[in-house]
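Here is how the chains run, residue by residue.
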Amino acid sequence: MAEESGKVNANAQREEDQGRLWRSLRSVLNSSLVAVALIALVIYFSIASPYFFTSTNWYHILQDVAVVAILTVGQAYVIITAGIDLSQGSVIGLSGVVSALLMTSGHPIWVAVIAGIAIGALVGLINGVLITFAKLPPFIATLATMSVAEGASLIVTGGEPVFNIPASFSNFGQLGIGIFPYIALVAVVFAVVFHVILAYTRFGRFTYAIGSNKLSARLSGLNIPRQLISVYMISGIMSAIGGILMTAWVNTAMPTAGSNYELNSIAAVVIGGGSLFGGEGTILGSMIGALLMATLSNGTQLLGVSTYWQEVLLGLVVLLAVYVDNFRRRKSV
Amino acid sequence: MNETLELSQITKRFDSTVALNRVSLKAYEGEVHGLIGQNGSGKSTLMKILAGVYAPDEGKVLINGREVDVSSVERAESLGIGIVFQELSLFSLLSVSANIMIGREPRNGPLIDRKRTGAAAAAVLGELGIGHIPLDEPVGQLTTAEQQLIEIAKCLVKRPSVIIFDEPTAALTVSETQALFRVVRNLKKQNLTILFISHHLEEIFEIGDRVSVLRDGEVVYSDTVDNTSETELVQHMVGRKIDQFYPVRTGVTGDKAVLELEQVRADGLQSTTLSIKAGEIVGIGGPIGSGQSRLAETIAGIRPLKGGTIRVNGKPTRLRGPSDAIAAGIAYVPEDRRTEGLLLNLSVRANVTLPMLTTRDGELADVFGFIRRAQEVRHTSHYRDRLKIKAGSVNAVVSTLSGGTQQKVAVARWLGMDASVYVFNDPTKGIDVGSKVDIYEVINQLADEGKAVILVSSYNPELLGMCSRIVVMFKGRIVKEFAADAATEEQLLLSASATE
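From first to last, the protein sequence lines are chains B and V.
Numbering of the first sequence is given in the working numbering, commencing with residue 1 and proceeding in unit increments.
Numbering of the second sequence is given in the working numbering, commencing with residue 1001 and proceeding in unit increments.
Among the hints, a few may not be true.
To be verified - Cross-link-like lysine to any residue pairs, in silico, SDA-like; alpha carbons within 25 Å at most:
#	chain 1	residue 1	chain 2	residue 2
1	B	Lys214	V	Gln1263
2	B	Lys135	V	Gln1263
3	B	Lys135	V	Gly1140
4	B	Lys214	V	Ala1055
5	B	Lys135	V	Glu1363
6	V	Lys1475	V	Gln1263
7	B	Lys214	V	Thr1339
8	B	Lys135	V	Pro1304
9	B	Lys214	V	Arg1303
None of these hints come from the bench; they were simulated from the model.
Since the structure is predicted, the reported quantities are computational estimates derived from the model, not experimental observations.
Pulled out of the complex, with its shape left as it was, chain B reads as follows (with noise of 0.2 Å):
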């Protein structure tokens, strides 16, 4: 009896390894292409620019990338449980706003940075209770908050930018440690916090289950509501945080400061394997889809690329990037 259980340890522990190689290998093919696309636009740009390869450059890079990956992390958990969320540019807007707005106005920064967040938090909950329980599809009802958040802010700034942020704020915002940016070192510990729970507890399962079939996971016992509610405060709370980052980064908020980061955090997703149809994508693969693109911006600005034309090229990259990722899927089925 006891030598069978052993028998059967050891062969959970077999395909348990087997299950851990299988899994790793297979996140590195999903997340391949896309890596081997950004490896060989850094060497095309090294070659083509001295000044791509420089520690000041990538410092550049990783600070213009920060608060797009933050959002990207809240968009992963969206589009995994098959939803969207066209808010987070608002919340970026508004969120900052309103810590801006508490900092100038002598409020300590912590009670700014919490009231920020707070906002976020109340977005994610409208946009999850409208979702679940007033049945709205996700596209409409990210749609409305989003024009509410953008008007909100307008409306408590007056539409002016604020300035004067303390310096010990600024600071923060524009300093670092070698070439990493304090803001991109803050994205990169959310994004190992939030791919540890996407990847290793019930939270990450239950956010793939619903994105893979809502039915069968709620007759699983699942509390779609508050999962779905949860990841949408997510969502919003990771839009704030991007959006005070902001704040603190260019020294200013201003109510639009974030119009249409919400369409990057969904083309880094998709670009990093996630699928609009759910249940598929991860934190890492959406992380590359985020430095992807702005490694691309970078690059083509170094290489004195119209604007216009980086916006070209932007688009045609995730159309590339779902389409070799469509026929990779269809090959493999």
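Based on these hints, arrange chain V on the given structure of chain B.
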């Protein structure tokens, strides 16, 4: 009497199963030809061949003595074959006239000529004797019976010479059925050829001129209705021994009632009282769509209770959703594994452990919610072995597995839950025989362990082979109850059709 439609030696296979085997059939002008057979006997496949949905592997279709090519839906239509489907295919937000004339609206340049469209629709309704139905009403506002008539009107607009009705009375009341029959008789007078598929023998005798019986993909009987009787037809429908592959149960039924339903009502489910003891397998049968799924889904907490009480182990439950049912000790294996049962793009492991992760804190995850991966793999491997799931690894993605294997995964996720009640909703539909037997064995084991088991099935031999007791449902209520060893397939069939 001209024979308008002839099927000659039609054979249709799906992979290794033969759905139709050398089926020959003749239907005559001005006659109603009844087509009967049990669930899965091949009626639907036959109809889909005539509709141009499936192409036969062998055999010919002849119309007015000439061989014709029914390889697409458009061709079938142009040959004058019209079909009134069982599931309504109407656009509920569009008007009556728009639905009837869809795809063949008279044009005025690029635009639809509304006047002529309305006039043409009105003419068809008049022909059917249902001119009272308002043309501008959205179809969704009509009763089911009226919608069924609109479906017929939509078919008539195409001026078919052959009309096939697929169980048109399934959702109708007695008086609505009579109204439908008046329309059918009307069509008969216009010398159309009518194929009438039905579960209800008495309808065949009331409206049919001729009747054919399908059994296991073969026509086993065909004659005029005057030459036969209900009993004879039922014998032809059954006409074979029950397969021997149902495993024999060793355990005995206990005395304790585990699941009790007391006057339970829900949408489409009339007051139902049923008690199931520990170790008992109770089968639920009857024509498809008679409320079996609704009953199962009500017990599983998916459909809200409109009245009555469900007790598990003597304790009343309050089922606000599936999670309440699971907490009360009810496990439910849903009917459709692809849309309800499985997370198709996730691994076998994620599928098997999901109910445990959602409802049982601490067993497969620690206090922080981290999944204990090794335990999870062990748990999954255990149930994979118990159900003989053929997957290379517990990490195989479910969508890559065969249908039977997928169904086993859908069953496996509930075995670790140690529920008191197991509800299986048609668990062997469309899967291979080997997988069926494996699932039957697990069902028996559950009963032997003292669980109360409900087996909903559209296949009567399965009910007879597996269950200790069988209840037959019809139009949303239980109409008859049998001890399985005392019941025969004939009785099961007759009990559903004879109650009206």
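Do the hints match the structure? See the list:
1. A distance of roughly 31 Å separates the Cα atoms of B:Lys214 and V:Gln1263; the hinted pair therefore is violated under the 25 Å criterion.
2. About 32 Å separates the Cα atoms of B:Lys135 and V:Gln1263, which puts this hinted pair outside 25 Å; it is violated.
3. Between the alpha carbons of B:Lys135 and V:Gly1140 the distance comes to roughly 22 Å, so the proposed pair stays at or under 25 Å and holds.
4. For the given pair, B:Lys214 sits about 35 Å from V:Ala1055 by alpha-carbon distance, which is inconsistent with the 25 Å threshold.
5. For the proposed pair B:Lys135 and V:Glu1363, the alpha carbon gap of about 33 Å is over 25 Å, so the pair is violated.
6. Distance restraint check for V:Lys1475 and V:Gln1263: the Cα-Cα separation of roughly 16 Å lies within the 25 Å cut-off, and the hinted pair is therefore satisfied.
7. With a CA separation close to 9 Å, the supplied pair B:Lys214 and V:Thr1339 stays within the 25 Å bound.
8. A C-alpha spacing of about 18 Å is found between B:Lys135 and V:Pro1304, which places the hinted pair at or below 25 Å, so the restraint holds.
9. Of the supplied pair hints, the one linking B:Lys214 and V:Arg1303 holds, its CA atoms being roughly 16 Å apart against a limit of 25 Å.
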